[in-house]
Amino acid sequence: MSLAHEFNALLAIAYRDLLKFLRDRSRMVGTLVFPAVFILILGGAFGAAAQSGYQFEFQTFIFFGVFAQNMWQSSATGIISLIEDRENDFSQAIFVAPLSRYTILGGKILGESLVALTQGIVIFVFGLVIGVRMAPSQALALIPVAIAICLYGGAFGLILMANMNSQRGAQQVFPFLLLPQFFLGGVFTPVDKFNPVLAFLSRISPLRYAVDLMRGGYYGSVEGSAGAVLASQPFNLAVMAVSGVVFVMIGTAVFVRKERTR
Amino acid sequence: MQAAPIIKVDGLVKRYQKAERNAVDGVSFDVAPGEFFSLLGPNGAGKTTTISILTTTLAPTGGRVTIDGHDLATDAAGVRRSAGITFQTPSLDRNLSAEENVRLHAILYGLYPWRPTYRTMPAAYRQRLGELAEVVGLGADIFKPVRTYSGGMRRKLEVVRSLIHQPRVLFLDEPSTGLDPASRRDLWNYLLEMRRTADTTLFLTTHYLAEAEDADRICVLSRGRIIALGTPAAVTTSLLDRYVLLGATDARALRNELSGKNIAWQEHAGGSPYVRVAANESDVHALLKAIDTPLTMVRTVLPTLEDAYLALVERDELDLGATSGPAGIVLGAPAAPNGDGVAVAKTRAQPVAAGQ
Ligand SMILES: Nc1ncnc2c1ncn2[C@@H]1O[C@H](COP(=O)(O)OP(=O)(O)O)[C@@H](O)[C@H]1O
Ligand SMILES: [Mg+2]
Numbered sequence: 001m002s003l004a005h006e007f008n009a010l011l012a013i014a015y016r017d018l019l020k021f022l023r024d025r026s027r028m029v030g031t032l033v034f035p036a037v038f039i040l041i042l043g044g045a046f047g048a049a050a051q052s053g054y055q056f057e058f059q060t061f062i063f064f065g066v067f068a069q070n071m072w073q074s075s076a077t078g079i080i081s082l083i084e085d086r087e088n089d090f091s092q093a094i095f096v097a098p099l100s101r102y103t104i105l106g107g108k109i110l111g112e113s114l115v116a117l118t119q120g121i122v123i124f125v126f127g128l129v130i131g132v133r134m135a136p137s138q139a140l141a142l143i144p145v146a147i148a149i150c151l152y153g154g155a156f157g158l159i160l161m162a163n164m165n166s167q168r169g170a171q172q173v174f175p176f177l178l179l180p181q182f183f184l185g186g187v188f189t190p191v192d193k194f195n196p197v198l199a200f201l202s203r204i205s206p207l208r209y210a211v212d213l214m215r216g217g218y219y220g221s222v223e224g225s226a227g228a229v230l231a232s233q234p235f236n237l238a239v240m241a242v243s244g245v246v247f248v249m250i251g252t253a254v255f256v257r258k259e260r261t262r
Numbered sequence: 001m002q003a004a005p006i007i008k009v010d011g012l013v014k015r016y017q018k019a020e021r022n023a024v025d026g027v028s029f030d031v032a033p034g035e036f037f038s039l040l041g042p043n044g045a046g047k048t049t050t051i052s053i054l055t056t057t058l059a060p061t062g063g064r065v066t067i068d069g070h071d072l073a074t075d076a077a078g079v080r081r082s083a084g085i086t087f088q089t090p091s092l093d094r095n096l097s098a099e100e101n102v103r104l105h106a107i108l109y110g111l112y113p114w115r116p117t118y119r120t121m122p123a124a125y126r127q128r129l130g131e132l133a134e135v136v137g138l139g140a141d142i143f144k145p146v147r148t149y150s151g152g153m154r155r156k157l158e159v160v161r162s163l164i165h166q167p168r169v170l171f172l173d174e175p176s177t178g179l180d181p182a183s184r185r186d187l188w189n190y191l192l193e194m195r196r197t198a199d200t201t202l203f204l205t206t207h208y209l210a211e212a213e214d215a216d217r218i219c220v221l222s223r224g225r226i227i228a229l230g231t232p233a234a235v236t237t238s239l240l241d242r243y244v245l246l247g248a249t250d251a252r253a254l255r256n257e258l259s260g261k262n263i264a265w266q267e268h269a270g271g272s273p274y275v276r277v278a279a280n281e282s283d284v285h286a287l288l289k290a291i292d293t294p295l296t297m298v299r300t301v302l303p304t305l306e307d308a309y310l311a312l313v314e315r316d317e318l319d320l321g322a323t324s325g326p327a328g329i330v331l332g333a334p335a336a337p338n339g340d341g342v343a344v345a346k347t348r349a350q351p352v353a354a355g356q
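Residue numbers (my numbering), protein chains in the order written: chain A, 1 to 262; chain B, 1 to 356.
Bear in mind the hints are in silico, worked out from the structure with no lab data behind them. Take these hints with a grain of salt, some might be off.
[What the hints assert, rightly or not] Computed footprint of chain B on chain A, listed as stretches where at least three residues anywhere in the stretch have a Cβ under 8 Å from a Cβ of chain B:
hint, stretch
1, 10-22
2, 189-196
[Said to hold, decoys possible] Ranges of calculated distance between the beta carbons of each label pair, as one might list FRET restraints:
hint, chain 1, residue 1, chain 2, residue 2, range
3, B, Glu317, A, Ser26, 47 to 53 Å
4, B, Ala59, A, Arg25, 38 to 44 Å
5, A, Gln172, B, Gly151, 40 to 46 Å
6, A, Val33, B, Glu317, 43 to 49 Å
7, A, Phe7, B, Glu317, 51 to 57 Å
8, A, Pro136, B, Thr74, 51 to 57 Å
9, A, Phe7, B, Ala140, 30 to 36 Å
10, A, Pro234, B, Ser28, 58 to 64 Å
11, B, Glu317, A, Arg27, 24 to 30 Å
12, B, Ala59, A, Arg23, 33 to 39 Å
13, A, Pro234, B, Pro116, 48 to 54 Å
14, B, Asp141, A, Ala4, 30 to 36 Å
15, B, Leu318, A, Arg23, 50 to 56 Å
16, A, Leu128, B, Ala140, 42 to 48 Å
[As the list claims (entries may be wrong)] Here are the simulated PhoX-like cross-link-like pairs (lysine-lysine), alpha carbons at most 20 Å apart as the crow flies:
hint, chain 1, residue 1, chain 2, residue 2
17, A, Lys258, B, Lys289
18, B, Lys261, B, Lys289
19, B, Lys144, A, Lys20
Even glycine gets a Cβ: it sits at the ideal position worked out from N, Cα and C.
Make a model of the complete structure from these sequences and hints.
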């Protein structure tokens with residue numbers, strides 16, 4: 001088992017996910033429907049209600065919130081599809097291969113991140129169409145940010161997935177873990193005026209850091225964002241890196257143990 | 001001299017979580033390199049459980065397994081390199097083409113570097129794929145989505161895929177289930193040919209006894225235990241005797257004569273006028289000469305593996321209530337292709353067929 005072998009396998013597993021996505025037209029169309037609804041309809045409503053007291057432009061604020069949330073969630077839900085693979089016995093064929101389990105799950109995270117990034121491009125173009133303006137340098141700065149957000153979503157998906165027993169169970173539990181984060185993570189509305197309990201819940205919501213990293217990437221700095229950005233890029237990135245590694249380590253260990261201990 | 005076993009299973013036990021009994025309950029056997037070994041047993045006997053453990057996808061509760069010198073507990077990666085498997089349930093990615101499925105598999109086994117398209121893959125891969133497509137009879141269809149394939153094609157593709165890394169042992173879990181007879185024969189021609197050329201060890205589970213007839217040895221599982229192990233012929237004859245079915249117009253006189261001459265006989269079945277007398281080929285002539293009562297019916301009956309299998313399983317099922325403790329498995333001759341060793345659990349009741 002050489003490093004080159006593991007690396008090639010990682011790419012092959014990741015590429016399979018991307019191919020599957022690109023061939024699935026209904027999923028491609030679905031890519032745009034939800035973010036569009038969020039940004040145009042919900043965004044308008046939330047924005048009107050929350051506008052008072054903030055200096056930044058609300059549609060832009062919400063656009064980047066949804067942009068980050070969408071990639072993060074897409075990557076996370078993509079990982080959950082491993083459960084489906086397992087139920088269809090396809091993953092059996094991958095798991096009997098002489099590979100490190102980290103390679104297999106890492107490949108899966110990379111693959112779902114590529115899918116999420118592809119969806120991100122679509123949403124980005126949509127943003128330009130509805131009037132979000134940015135300099136080319138700002139757009140370039142968003143690329144590494146988007147990659148980090150996708151990988152982080154995958155890591156979060158892995159630890160969730162490892163603790164789920166069935167696709168149905170996952171579909172039932174996932175919304176409860178996800179929807180509150182839309183609010184707590186500040187996708188549509190600022191989170192800086194929360195009471196202590198909500199503020200605490202917000203701080204333990206992984207999505208908060210992904211969304212804030214995205215806005216930080218766009219606005220450039222906390223100071224220059226007129227209150228739209230909560231924390232510095234290094235801080236958000238550090239939180240994501242540390243918790244992401246923990247998610248992957250625990251997720252892989254739990255998944256592998258459960259996979260074999262039936 | 002006999003080669004060291006390529007598969008060694010010793011006291012294998014598996015109890016699923018929350019299960020009331022062991023799905024595999026103290027199973028031990030060896031398989032020789034190049035042997036064609038077949039695991040038989042009714043649904044739920046523990047065949048898939050055993051194969052899953054042997055191929056590292058399921059953790060055992062107890063026991064030791066070594067495959068091609070790799071200990072399952074300490075060197076799962078080694079076991080994975082040595083084994084190929086065709087799962088009981090379909091395991092192809094239906095969204096990909098056959099070629100993409102094979103390519104993914106080949107890269108996962110470290111045979112080639114990853115490339116995004118067929119054209120950019122190394123020439124060695126493309127040549128190998130061409131050969132495989134030829135063998136499977138897919139031709140250019142190998143580039144079509146698996147979704148469009150028939151069940152027989154998919155099965156064959158799975159087998160081809162599991163062989164691409166040239167495993168020392170190929171595990172096949174009910175490979176013919178759901179195939180029509182023509183596809184089944186086709187698949188088996190390929191498997192037996194492959195076995196002849198590559199000397200791969202075949203570990204098969206099946207419902208089709210005709211497939212097991214070709215095996216060097218069969219192992220019959222029932223409720224997680226081995227109830228018979230040996231060559232198909234040895235298992236058959238050790239369980240069921242050949243017998244001669246006799247009938248006479250004067251049924252009573254025939255029975256009296258047989259008893260009077262100390263020839264053991266049995267009623268054929270409830271209400272049947274016929275009697276059974278155990279006899280091997282060599283005894284048949286002597287038996288007929290010894291009988292004076294005019295016979296109206298003579299038929300020699302050779303039990304098939306299927307008869308033996310059904311008798312075994314039925315007998316084991318009858319045993320359900322009995323507390324038999326650990327199965328009293330007597331291992332006969334060690335793993336030897338074409339050997340005559342047979343082992344049958346001795347704690348069970350006597351065979352239902354005619355005894356001598
Ligand atoms: N995942 C599982 N959890 C609990 N029990 C199981 C599981 N898989 C199989 N079993 C049980 O284990 C026994 C053996 O099953 P299996 O190995 O699939 O049999 P076979 O392949 O011979 O038909 C059966 O009683 C079955 O119900
Ligand atoms: Mg089975």
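Tested hints:
1. 10-22: holds (count 7)
2. 189-196: violated (count 0)
3. B:Glu317 with A:Ser26: 47 to 53 Å: The hint (47 to 53 Å, Cβ to Cβ) holds, given that Glu317 of chain B and Ser26 of chain A are roughly 50 Å apart.
4. B:Ala59 with A:Arg25: 38 to 44 Å: 40 Å, holds
5. A:Gln172 with B:Gly151: 40 to 46 Å: At roughly 33 Å between Cβ atoms, Gly151 of chain B and Gln172 of chain A fall outside 40 to 46 Å, so the hint is violated.
6. A:Val33 with B:Glu317: 43 to 49 Å: The hint (43 to 49 Å, Cβ to Cβ) is violated, given that Val33 of chain A and Glu317 of chain B are roughly 57 Å apart.
7. A:Phe7 with B:Glu317: 51 to 57 Å: Holds, at about 53 Å.
8. A:Pro136 with B:Thr74: 51 to 57 Å: Given range 51 to 57 Å: holds, Cβ gap about 56 Å.
9. A:Phe7 with B:Ala140: 30 to 36 Å: 32 Å, holds
10. A:Pro234 with B:Ser28: 58 to 64 Å: 60 Å, holds
11. B:Glu317 with A:Arg27: 24 to 30 Å: 49 Å, violated
12. B:Ala59 with A:Arg23: 33 to 39 Å: 35 Å, holds
13. A:Pro234 with B:Pro116: 48 to 54 Å: 35 Å, violated
14. B:Asp141 with A:Ala4: 30 to 36 Å: Given a distance of about 32 Å, which is inside 30 to 36 Å, the answer is holds.
15. B:Leu318 with A:Arg23: 50 to 56 Å: 54 Å, holds
16. A:Leu128 with B:Ala140: 42 to 48 Å: 43 Å, holds
17. A:Lys258 with B:Lys289: Cα-Cα ~68 Å, so violated.
18. B:Lys261 with B:Lys289: 12 Å, holds
19. B:Lys144 with A:Lys20: This hinted pair holds, its Cα atoms lying about 14 Å apart.
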